[in-house]
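2 protein chains.
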Amino acid sequence: MRTVRTVAELRAALKQPRREERSIGLVPTMGFLHDGHLSLIRQARAEHDEVVVSLFVNPTQFNEASDLAAYPRDERRDAALAAEAGADLLFAPPVEEVYPTGFATEVRVGGPLTESLEGVQRGAGHFHGVTTVVTKLLNMVQPDTAYFGQKDAQQALVIRRLVRDLDLPVRIEVLPTVREPDGLALSSRNVRLQGEDRRRALALSRALQAAESDLAAGVRDAAELTAGLADVFSAFDVEPEYIALVDPETLAPVATVDQETLLAVAAKVGEVRLIDNTILNSNGNGRA
Amino acid sequence: MRTVRTVAELRAALKQPRREERSIGLVPTMGFLHDGHLSLIRQARAEHDEVVVSLFVNPTQFNEASDLAAYPRDERRDAALAAEAGADLLFAPPVEEVYPTGFATEVRVGGPLTESLEGVQRGAGHFHGVTTVVTKLLNMVQPDTAYFGQKDAQQALVIRRLVRDLDLPVRIEVLPTVREPDGLALSSRNVRLQGEDRRRALALSRALQAAESDLAAGVRDAAELTAGLADVFSAFDVEPEYIALVDPETLAPVATVDQETLLAVAAKVGEVRLIDNTILNSNGNGRA
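In the order they appear, the protein sequences are chains L and Y. Residue numbering for the first sequence follows the working numbering, starting at 1 and increasing by one per position. Residue numbering for the second sequence follows the working numbering, starting at 289 and increasing by one per position.
Just to be clear, a hint being listed does not mean it is correct.
As the list claims (entries may be wrong) - Heads up, incomplete: computed chain Y residues facing chain L, CB under 10 Å, no partners named: (1) 290; (2) 426; (3) 485.
It is worth saying that the hints were derived from the structure and are not from the lab. Note that this is a predicted model, so its numbers are computed, not measured. Beta carbons are placed, not taken as given, at the ideal position from N, Cα and C, and that holds for glycine.
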């Protein structure tokens, strides 16, 4: 009998012939697919034998019942788009398949990753809902890789933490935000932007661009950069929920942009809550 | 592209060739192995190609630092016993391999399964510690079957709930409590029973036997049965922490033993906290 002391040794010793023949990529979605989702599906298609798209509007991650009720749905359209992008399997469970009677378990990531930014605005319960359903989906599908979008930057960090902490045997791949030609980050919620709000929604991406320009012009002070962003929001008559310059791994606020920094913004435009972000480099180039 | 709606359909569609060649059985332990553990290892050996025994005294499930500090340890002896019982691999990680810096995730089963009995005595945090580490061990090893003892009846229920709720791809097998010739349930903690306390520790198993006798004699009323058990505890000069007659699936208290009922007891004998249980049938036969 051998004794091993690390997870790496353990897995090597067991050298499981898992999915030797067919590798699996999973793209978890809440449906109403846009080009951001499709870029994830195409990447999964390029990297795996079997591509699974899950479609589940997870009630436990909505902090507002009205947001859940208004969340757009069109499964037929989603199925056609997913198939066209290369999916083999659409997993579209009813709520009672995911949360049957007697369900009593919650997976929580604690600390600043879930208690800051979106955790403040939507409550930490939002992320507990996300981590619980993602754990379930990963266990249901057992993919080799699961794909997420950088648009939900904080969610991606929380999921990376979850996967490391629970030793989930999956690789997490985060792909860049896809945007409309005018810069608006794609979101299933964009369809709900009414009239003038579509133009006002540009406040978020334009503010990010302004920060990149300021940074290129030599501004490094977080307070000064933030003030510049606030001016852009004002010009679009949009009240930001937060403008955050934070460490891209820990989400700790930074005072000076002298290394890679996550700039994240959130605002309600009309009835629609939007988020956007970019990674700032101290050389003044945004990455997103 | 196919659309599926249940986890069963999903898994069938993916029909993963997981571990086709070698099946894995896991026996999670906190070490200081006794015949109860060895019965689990032997069963795993009989049912699987590869048998993994984990040895990890999980700090997060101890509600008292003194209990953690006093928990007996002897890895060399454990390795010899595990090998003899048929283990192929001993997984004995240091604490920092299981909970590295930055670890921030907790898996919680809520409700009566974790809030009653041991959850009252040790706090629900005890079970959160158990479910978190068991989730991790299951993900680390990815066994086909994991083995637990009926002595920790509530823990077994909580783990079954966890596995169902998080869709963990593993079968849970719970094996009967192993006892000393005089009836004392085997426990790693028994080694700490000093002098007279070893005899007093019989209060638990003798109380269970008394309940089985009373039931065989026609007593069905939970209050009457409980009073009989309390007398046995008194005779051994032991104060029970709880004497519980509860539904063996939900842990809801029962007033009359007219179907299968879990009888669970806990008591501190000297410095050592002990638990024991049996399943009562309404025909008066204990199962354990």
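**List of violated hint numbers, smallest to largest** = Hint 3 is the one this structure does not satisfy, whereas the remaining hints hold.
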